[in-house]
Each structure stands twice: as C-alpha cells, then as structure tokens.
Amino acid sequence: MCIKLKTVLVCLIFAAGFAVTASTTFAFQDSVEDVGSSVAESVDMAPEPEVHVEESTDIESITAAIKEQLQTNINIVWTCIAAFLVFFMQAGFAMVETGFTRAKNAVNILTKNLMDFSVGSLAFFFVGFGLMFGVSNGLFGTTLFGLSGVEDGGDWSWTFLIFQTVFAATAATIVSGAMAERTKFVSYLLYSVVITLVIYPIFGSWAWGNLLIGDNSSWLADLGFHDFAGSTVVHSIGGWLALAGAIVLGPRVGKYGANGKPNAILGHSLPLAALGVFILWFGWFGFNPGSTTFGDGMIGYVAVTTNLAAAAGAVLALTTSWLLMKKPDLSMALNGALAGLVAITAPCDGVSAFGAVCIGAVAGILVVLSVLFIDFVLKVDDPVGAISVHGVNGLWGTLSYGLFSMNEGLFYGHGFKSLGVQLLGIGTAFVWAFGLGLILFFLLKKTVGLRVTPEEELKGLDIGEHGNEAYAGFQIFTTE
Amino acid sequence: MIMKLIIAYVQPHKLSDVKRALFKAEVYKMSVTNSLGCGQQKGYHESYRGVDIEVNLLKKLRLEIAVNEDFVERTVKAIIEGSKTGQIGDGKIFILDLPECIRIRTEERGNVAIG
Chain C
1 MCIKLKTVLV
11 CLIFAAGFAV
21 TASTTFAFQD
31 SVEDVGSSVA
41 ESVDMAPEPE
51 VHVEESTDIE
61 SITAAIKEQL
71 QTNINIVWTC
81 IAAFLVFFMQ
91 AGFAMVETGF
101 TRAKNAVNIL
111 TKNLMDFSVG
121 SLAFFFVGFG
131 LMFGVSNGLF
141 GTTLFGLSGV
151 EDGGDWSWTF
161 LIFQTVFAAT
171 AATIVSGAMA
181 ERTKFVSYLL
191 YSVVITLVIY
201 PIFGSWAWGN
211 LLIGDNSSWL
221 ADLGFHDFAG
231 STVVHSIGGW
241 LALAGAIVLG
251 PRVGKYGANG
261 KPNAILGHSL
271 PLAALGVFIL
281 WFGWFGFNPG
291 STTFGDGMIG
301 YVAVTTNLAA
311 AAGAVLALTT
321 SWLLMKKPDL
331 SMALNGALAG
341 LVAITAPCDG
351 VSAFGAVCIG
361 AVAGILVVLS
371 VLFIDFVLKV
381 DDPVGAISVH
391 GVNGLWGTLS
401 YGLFSMNEGL
411 FYGHGFKSLG
421 VQLLGIGTAF
431 VWAFGLGLIL
441 FFLLKKTVGL
451 RVTPEEELKG
461 LDIGEHGNEA
471 YAGFQIFTTE
Chain L
1 MIMKLIIAYV
11 QPHKLSDVKR
21 ALFKAEVYKM
31 SVTNSLGCGQ
41 QKGYHESYRG
51 VDIEVNLLKK
61 LRLEIAVNED
71 FVERTVKAII
81 EGSKTGQIGD
91 GKIFILDLPE
101 CIRIRTEERG
111 NVAIG
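Those protein sequence lines, which keep their order, are chains C and L.
Take 1 as the starting number for the first sequence in the numbering used here and just add one per residue.
Take 1 as the starting number for the second sequence in the numbering used here and just add one per residue.
Looking at chain C on its own, in the form it has when it is part of the complex:
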C-alpha cells in the first residue's frame, strides 16, 4: 500500500515537472520560431524550421497524453467524491423522514432507510445496472450484470457504477416517506427490491442508456430528452411510485376526520428534519455538479445554478406559506428548498443563473400548493411531502428545461420542439412509474399485505414491527 502511494506520488511529481518543462520549452520555441521565420523570409532558407516542427509535435503528443491522463484521473476523483456526497443524502432522507413523523415510528423509518439503500445497492449491482447501461436491445440493457466482462481494477465502469448506484438508491428511498407510519416492513423491503431491480433501471435506460456505451440506443435520449441529473429519472420516478403507494395504502389512522377534513399529525422533531434538509442540500452539490462526471469549470457553474434554485425555492415556499397560512412555516420552507433542488436537477447545466432562480422560485410556490392540494383535495396522506417535492417538482424541473434552456428553450426563441420532447419524457415516466407502482402495491396488498393492523399503528411500528423504541428512557406524549 505504502509503496504504491509513493510510486503514485513520484509519478505525479514527475508528470508535473514534465508539464512545466514542456510548456516553457514551447514558449521558448515559439519565440525562436518567430525569429527564425522572419530570418527565413529575408534569407529564404526553407528546410531548417521543418526539423523544429517535427520535434515540437513529438513533445506536443506527449503533453497531450499527459493532459488526457490527468483529465481522466481528475474525472474519476470528482465523480467518486460526488458519489460519496450523494450517498450522504441517504442520511438526509433518513433525518427528514424521521423528523416529519412521530416518535413511535422512528425506528421503523430509520430501518427502512438503511435497508432500501442496502437492498437497492445489491439489486442494482447484480441486475439494475445491466438493464440500465448494458448493450441495449432497444428497450433495456442486456449486458454488464454485476459488471461482468469488466476487468477488476481501475476501469471507469466501476466509478460510473458507484455513482449510478447512489442515484438508484435515492429514487428508492423517496417512497419511504410517503408511505411512513403504516406500511408493513416486509412489504416495504419487497418494494425496495423491485424498484432498483426493474422499475428505475428500465426507465433509466430510456433516458440515460447511452451514458456509458455511447452508441447504445436510448429512445428518449435519442429524441433529445434532456434530464441532466435526474429530475425525472430519479425524482419523478420515486415521486410517482410514492403517490401510487400512498393511494393503495390509504391515510394514517386519524388523518381524516369524519367530515373528511384533514387533521395535522405533527412530526416529532423539526430539528432533525432541518438537519436532514441541510444534508440533502449539501449532498445535492454531488448530485448535480457530479453529473458532469468531468473535472472542469462546469462543476462550479452547475453548483451555482443548483444553489440559486434551492435558495429561491426556500424563500418562495416560506413566503407562500406566510401569505396563505398567516405564519412563516418552517416545514414548508424546508420542503421548498428541496423542491428547488429537485426542479433544477434536470436543467442545471443548460440554464442561466437567472433562469435557475426562476425555476427554483416556481418550485417553491408549487410545492406549497401541491402539498395543500394533495392533503385537502386528493386526500392522499403523504406525511413528509415526498409526492409534492419529488413527483410534482421533478415534473416541473424537467419541463422547465424546455422553457429556460439557453440552447433549446422556448423563452430563448427556439420554439416548442424541446418542450414537446420534455413533455413526452414526463408523461412516459408518469405512466411507467405510477402504473407499475399501482400494480406492484396492489399485488403486495393482496399477497403479503401492505399495511399493519390499526392496533399496531396506534401503538407505533417501532414496537409492532421491530420490538424496539427509538427514545428509550424518554417520556413521549403519545396521544394519537
């Protein structure tokens, strides 16, 4: 290990030294050539500079090779760092969901978050990744299962795999929040397998299937569908599955009164929820800028658009809740920041900074209205607002590319073409994820059962499902 490190260090120093010498030589040669050519013009002697040119191409090609090697390595380092940041988003989701739900279900939701990542990682490695990025038969990939055929070691595919794994797990974990406080643990595990095994990767292959194998057919991408980091591929897919799950499950006991009016069921820790949102925001700097998978200035640019949208989302959600409900609501502002992040995920590389602010601002307003609409009109019980944040704003973000893209957007005079393709992608994602979600959850309901008994729900899933308490030694006022 130590020897390896030393060799790498020596190589690096050598490479750096070489690069410096090479560039100074170039500068020197340039000036010599200038003088030479002016002399050549007056005295008319041709063959001499040709030798110079040959020597310089030789050095040029070596420098180019070194540059390329350095670029490849910086790409790998950046993509890995980004993958680790996105992994940390799992902690964010766990805290948001725990904070927004009741103390008696904390162990359950934490176990779900740990397990959907773990189960998802395995399922995605052995099957999902191949379906998504392997050589495509037109509908899904058919090779690269368990990265078979790829040499163990430094191949780019491994970096790409870990980066894509954390994305797949993000889609899976979104559903946990919407189905919180009432879902049977074993059914949730089964669902986790199916989403990372099939539902997520197959849609992913339609939008991103050509990311690893450049000439792979990937029909949405081939049409020009643009989803840079996954507003649709990751977030809407998760959001629409969450919608299907919450519908099939039904609301929590006590959520809707006899008159059909929604009751507030208070989350037990807004500090945890706020911590979770900060962690997610932090992780998003890997999610979006990381999706460049390339070490250059775009990392900074995408970080700026991402941050601006999140900030605008939080501000506008707070303002909207202030106007509608007379008080600035923290939980809505937290949802607003996430909504801005989800929305900017698709267009973050192709919009102006001002465009990013607009996209985030709309997301902030949209998320509040959507939460109220789902709660009061649809009467679907989504304890953490996952459907509004990820489904609805994933939709908005993907659509916004067709409006705000500087190269293809309607607002920049490029017509409706991109908007149309974006709509097609959005529609396909909804039909695919919501449709399969309804079927999947209905099947689970009919076979293993989707929901715990009302008695268990009242007592709390921590004791019912896990025989555990999250806050042993604390007095928790459990009144609902």
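There are no misleading hints in this set.
Result set (BS3-like, lysine-lysine): computed pairs, CA atoms no more than 25 Å apart in a straight line:
no.	chain 1	residue 1	chain 2	residue 2
1	C	K459	C	K261
2	C	K326	C	K379
3	L	K24	L	K92
4	C	K327	C	K255
5	L	K29	L	K77
6	C	K459	L	K42
7	L	K77	L	K4
8	C	K261	C	K326
9	L	K19	L	K77
10	L	K19	C	K459
11	C	K459	C	K255
12	C	K459	C	K445
13	C	K255	L	K19
14	L	K92	L	K77
15	L	K92	C	K459
16	C	K255	L	K84
17	C	K445	C	K255
18	C	K255	C	K326
19	L	K84	L	K19
20	C	K446	C	K255
21	L	K29	L	K84
22	L	K24	L	K4
23	C	K261	L	K24
24	C	K379	C	K445
25	L	K19	C	K261
26	L	K84	C	K459
27	L	K24	C	K255
Hint data in this document are derived by calculation from the structure and do not stem from the laboratory.
Given the coordinates of chain C, assemble chain L onto it according to the supplied hints.
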C-alpha cells in the same frame, strides 16, 4: 356542595375522543399527564440487540378533573363514552373527595373556585 376529584387512566390514543366527549358534556377543565402502568392487560415483549426485554408498564394517560358534585355523573359518562372499546386496557376511573379548592388569581375558595 361537595367537591370531587376525578382521576382517570385511559389509552393514550383515546385522548382526543375523551376530550371531545367532555367538551360535549360542557366539561372544559382538565389536566393531562403521561403515565406508565400495569393492570390486567399485562405487558409485551421488546428486544434490544438480541436481548429480550419484558415490558410490563404500558403507556397510559392520566386525566385529573375537579368538579362539583352535580357534574360528577356527566363527567364520568363522558370519559367512558370517549375511552371505552370493550378491550382489556381501556383503563379506570377513580373518584375522590376534595376538601378544598382555591383559585390563585382571585383567592376564591370552594365551589366557585372550581367552575
């Protein structure tokens, strides 16, 4: 008039039903605290890192309502209406004599202080 103190232990998730029933019976004053207790319901098993724990103290809520005698029956009825399911664990109601009651703000005593 004699004053009574009504103490009731009920299932935690029945609190909102009990409160609704009490409000309907025009009983607006009460104190609610968390409590742990055991009775016929026995306990349940938890496990922590593979080790079994027998939990025989269950979570309950304790209501305390001080009333004048003419309110005792309707208060008791309301508590029963709100908390009875017919299952073991519904809880108990105790009624005690209350010798004195003082409202701190006005220093009133007795029946007027309770209402």
